[in-house]
Amino acid sequence: MAGQPDLGRADLVTMLAELTGKPATEVPDRIGSMELAWLVHLVEQRHERRLDLSDDQLAGIRTVDDALAVFRTALTVTADG
Amino acid sequence: MLLAGRPTDICLRLPEPVDRAALRRLVTAAQTRLATAGLRPGGAAALRMPPSLAYVVNLLATWRTGAQAILLDHRLTDHEVSRALHRLTPQVVVAPVRTGGGALRIFLDVTEGVTPYTDRPAVSGHAVIQLSSGSTGPSKVIGRTAADLVAEVHRYTRIDGVALPGERIVLLPSMVHVLGLVGGLLYGLHAGVELVPPERLSGDAVLAAIAAADSPATVLGVPFHIGLLAFTRLDGPLPQFKRMTTGGELVPVAVARAFTDRFGVPLGNMYGMTEVGVIGTDLYGRHRPSIAPAPGIEVREVDGELQVSCPASPYVGLSDPTRWADGWLHTRDAGTVDPDTGLVTVRGRLDSQVSVGGLKVDLTEVETTVAELPGVAAAVVVWDTGITAYVQPDGPLSAEVLDKLLAERLAGYKRPRTLHLLDQLPRTTTGKLVRSVEALRTAAVR
Chain A
1 MAGQPDLGRA DLVTMLAELT GKPATEVPDR IGSMELAWLV HLVEQRHERR
51 LDLSDDQLAG IRTVDDALAV FRTALTVTAD G
Chain B
82 MLLAGRPTDI CLRLPEPVDR AALRRLVTAA QTRLATAGLR PGGAAALRMP
132 PSLAYVVNLL ATWRTGAQAI LLDHRLTDHE VSRALHRLTP QVVVAPVRTG
182 GGALRIFLDV TEGVTPYTDR PAVSGHAVIQ LSSGSTGPSK VIGRTAADLV
232 AEVHRYTRID GVALPGERIV LLPSMVHVLG LVGGLLYGLH AGVELVPPER
282 LSGDAVLAAI AAADSPATVL GVPFHIGLLA FTRLDGPLPQ FKRMTTGGEL
332 VPVAVARAFT DRFGVPLGNM YGMTEVGVIG TDLYGRHRPS IAPAPGIEVR
382 EVDGELQVSC PASPYVGLSD PTRWADGWLH TRDAGTVDPD TGLVTVRGRL
432 DSQVSVGGLK VDLTEVETTV AELPGVAAAV VVWDTGITAY VQPDGPLSAE
482 VLDKLLAERL AGYKRPRTLH LLDQLPRTTT GKLVRSVEAL RTAAVR
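These protein sequence lines map, in sequence, to chains A and B. With the numbering used here, the residue at position 4 of the first sequence is 4, and numbering never jumps. With the numbering used here, the residue at position 134 of the second sequence is 215, and numbering never jumps.
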């Protein structure tokens, strides 16, 4: 993955903390479309690749854990493909 | 007026160019479809569409019919939409039958369907109706007349620092809401400014849209978009990037500095409301956080509240002198007007309205909706760096069930990000619900 360590939940929480200006411990588990756009943007910057995500994948994301699962799948697909 | 001009002038780049001749053809065809479905002059068409060429075309076709356009954010739930349609009695409803495009798209590829709804006339003589999250439960209905919209477009032409004819606006806010609608779409069509929605909502895509042509580009967005750009690597010089202008809530100083350090272009600020459109601007970022009133707009401070000149009440079916009286709109924004310079400083809300990504949400609407759900005994909704709900169930109730029920009733941007289920909500000695964020936090960890 371009020398990047695996994406972890803590990475996403840190990214959300940057957006909201909250301490990481207070980042809510639920995320909306704005938080999601922010995460996709930062994950793409970090991994220097575009995530190939479908509308269905994005629509199914309600929480940080959902996002992590979708991003990991997308990063694996991109790395393999 | 909006469709006048040279047929070969480009109005939109999606990224395929759409020129005025093509736009006129599309609008004429849409007028026929709307008429066939039952839209008449003096009637209304409800547009429940995401930002798309189909939305632009049907909006213009509705106006050319001599009818009223009711703009419904595509993120509203069926529950919210059916309430609005019942009140506003459109003759037709325009909604997508097919939506294409990829994830995080800003502008979608939509094929629309037109459905007859009623045979009643429009509820008012306004050219456009917009909904704003309301403090009394259902949404407030806000109307703007054609003359008022024309006046706002002309106001834009007199503001120093807006995109000029022949330039481009990289458009991020939704054209369903006032900033994207008037500051983007209508001003762009009137002034001959190309509208360029980025391919998707990411920093890279915004920079790519700026770089896609040689003409100067102004990025129009909300503060969230400044953050996206400030966190985007810049691969080379971008001389076309002229300015970024945002509306919505105030921009934190650190975010503004990170942006200007990276791009070296002015970061402009705008203040406006759905009711009147643009009220004031600081497009060079010289007066941050203050703004100068837009040409033709008067702002005054009465008992700590900002009031804006507005000849007629913009509210439909609502006569409330605490919101509008005697030619003045009561903004419910706290603020000051400098007696020497006339500069206006907004200092926050006097009511329960908050801004989520530039969209106004009234916490009272959220709280009323939560409290009315089955299984809920009482609820308090507050802003604690995000919409936060404290809920006292009257039986077994899980956060998952609450989430599901809310998803049926409230658009995503209005839903609480944090839900706390408490056996007992904190109350005062007289039994009133406590609204202090600190007290609620303490009760939640107990």
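Quick caveat, the hints were computed from the structure, so don't treat them as lab data. Mixed in with the good hints there might be a few duds.
Using 20 Å as the maximum straight-line C-alpha spacing, the simulated EDC-like pairs for lysine to aspartate or glutamate come out as follows [claimed, not checked]:
hint	chain 1	residue 1	chain 2	residue 2
1	A	Lys22	B	Asp154
2	B	Lys485	A	Asp66
3	B	Lys441	B	Asp154
Among the chain A residues that face chain B by a calculated CB cut under 7 Å, a handful are [unchecked claim]:
hint	residue
4	Val13
5	Ala17
6	Thr20
7	Lys22
8	Arg30
9	His41
10	Leu53
11	Asp65
C-beta atoms are modelled at their ideal positions from N, C-alpha and C, and glycine is treated no differently.
A quick look at each hint next to the structure:
no. : hint                   : result
1   : Lys22/A with Asp154/B  : 29 Å, violated
2   : Lys485/B with Asp66/A  : 16 Å, holds
3   : Lys441/B with Asp154/B : 12 Å, holds
4   : Val13                  : 13 Å, violated
5   : Ala17                  : 10 Å, violated
6   : Thr20                  : 5 Å, holds
7   : Lys22                  : 5 Å, holds
8   : Arg30                  : 5 Å, holds
9   : His41                  : 5 Å, holds
10  : Leu53                  : 4 Å, holds
11  : Asp65                  : 13 Å, violated
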